[in-house]
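Asker: Working from the sequences, and respecting the hints, build out all of it.
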Amino acid sequence: MTTLPDRPNTALLVIDVQSGVVADAHNRDGVIANINTLVDRARAEDVPVIWVQHSDEHLERDSDAWQYVPELTRHDAEPLVHKNYGDSFEATDLEDVLAERGVGRLVVTGAQTDVCIRSTVHGAFTRGYDVTLVSDAHTTDDFGEGLPPAQQVIAHTNLYWHWQSAPGRHADAVETEKVTFTKS
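The sequence shown maps to residues 1 to 184 in the UniProt record's numbering.
Misleading hints may appear alongside valid ones.
To be verified - If you anchor each label on the Cβ, the simulated ranges turn out as follows:
1) S165 / D64: 39 to 47 angstroms
2) A23 / S165: 34 to 42 angstroms
3) R43 / G146: 37 to 45 angstroms
4) D93 / D40: 21 to 29 angstroms
5) D24 / P167: 33 to 41 angstroms
6) D29 / A166: 33 to 41 angstroms
7) K178 / L72: 17 to 25 angstroms
8) W163 / D64: 35 to 43 angstroms
9) T180 / D6: 15 to 23 angstroms
10) E57 / P149: 21 to 29 angstroms
11) D142 / P8: 37 to 45 angstroms
12) D142 / D64: 20 to 28 angstroms
13) R43 / D6: 18 to 26 angstroms
Keep in mind the hints are simulated off the structure, nothing from the lab.
Quick caveat: nothing in here was measured; it's all calculated off a predicted structure.
For glycine and all other residues, C-beta sits at the position ideal for the given N, C-alpha and C.
Answerer: Here it is as structure tokens:
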């Protein structure tokens, strides 16, 4: 249903599951286990796995905090997109990577729910992609200071993404066990 012509394929995005990003994240281990499940399934089904890695003044490139968590292993043949903004498309080669693979549908996982995940799902959707947010495979921190706790941020994001709509595009939020990499 994507509005991108000649893009029948799906890709799995793994966004910013870096040591410093998820160190204090809600349900960190459960989310990483779910992402691992999806990475294994995507590889078994020959679905591209695209890794996204953030850096900025608070997350220095090549630092220990910048590294992907050791529980996740990227294969050398799998693209790695470096970014400096919340939206994984902004000032990166992600669009080119997806176009080369004929991808019009994204299955999105990672961190932080309230920043990079939200920015990327919205960025993808406005660019014409169908976007499935994996409801139990994204996370964030409890930031305090009168803000909602992480569990509420995640639940709210899942709720509104499930109901997101636009002409010619499909959005949904589904649990890991219900993810399919084929069009439904």
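Asker: For the pair D29 and A166, does the Cβ-Cβ distance stay inside 33 to 41 angstroms?
Answerer: holds (35 angstroms)
Asker: Looking only at beta-carbon atoms, does the pair R43, D6 fall within the given range of 18 to 26 angstroms?
Answerer: Between R43 and D6, where Cβ atoms are some 24 angstroms apart, the hint holds.
Asker: Is it true that the C-beta distance of D24 to P167 lies inside 33 to 41 angstroms, as the hint says?
Answerer: Distance hint for D24, P167 holds at roughly 40 angstroms.
Asker: Take a look at whether the Cβ-Cβ distance between T180 and D6 falls inside 15 to 23 angstroms.
Answerer: Given about 21 angstroms between the Cβ atoms, the range holds.
Asker: Per the hint of 21 to 29 angstroms, is the separation of the Cβ atoms of D93 and D40 within bounds?
Answerer: Roughly 26 angstroms apart at Cβ, these two residues keep to the hinted range, so it holds.
Asker: Can you tell me whether the CB distance of D142 to P8 sits inside 37 to 45 angstroms?
Answerer: Cβ of D142 to Cβ of P8: about 40 angstroms, so the range 37 to 45 angstroms holds.
Asker: With 17 to 25 angstroms as the target window, see if K178 and L72 comply at their CB atoms.
Answerer: The hint (17 to 25 angstroms, Cβ to Cβ) holds, given that K178 and L72 are roughly 21 angstroms apart.
Asker: Falls inside 39 to 47 angstroms, the C-beta gap from S165 to D64?
Answerer: holds (41 angstroms)
Asker: Holds or violated: 21 to 29 angstroms for the Cβ distance of E57 and P149?
Answerer: holds (26 angstroms)
Asker: Okay, R43 versus G146 on CB: inside 37 to 45 angstroms?
Answerer: Holds, since R43 and G146 (Cβ atoms, about 42 angstroms apart) stay within the stated range.
Asker: Is 20 to 28 angstroms a correct range for the gap between the Cβ atoms of D142 and D64?
Answerer: Since the Cβ atoms of D142 and D64 sit about 22 angstroms apart, the hinted range of 20 to 28 angstroms holds.
Asker: So the hint says 34 to 42 angstroms: do the beta-carbon atoms of A23 and S165 match that?
Answerer: holds (35 angstroms)
Of the numbered hints stated above, none is contradicted by the structure.
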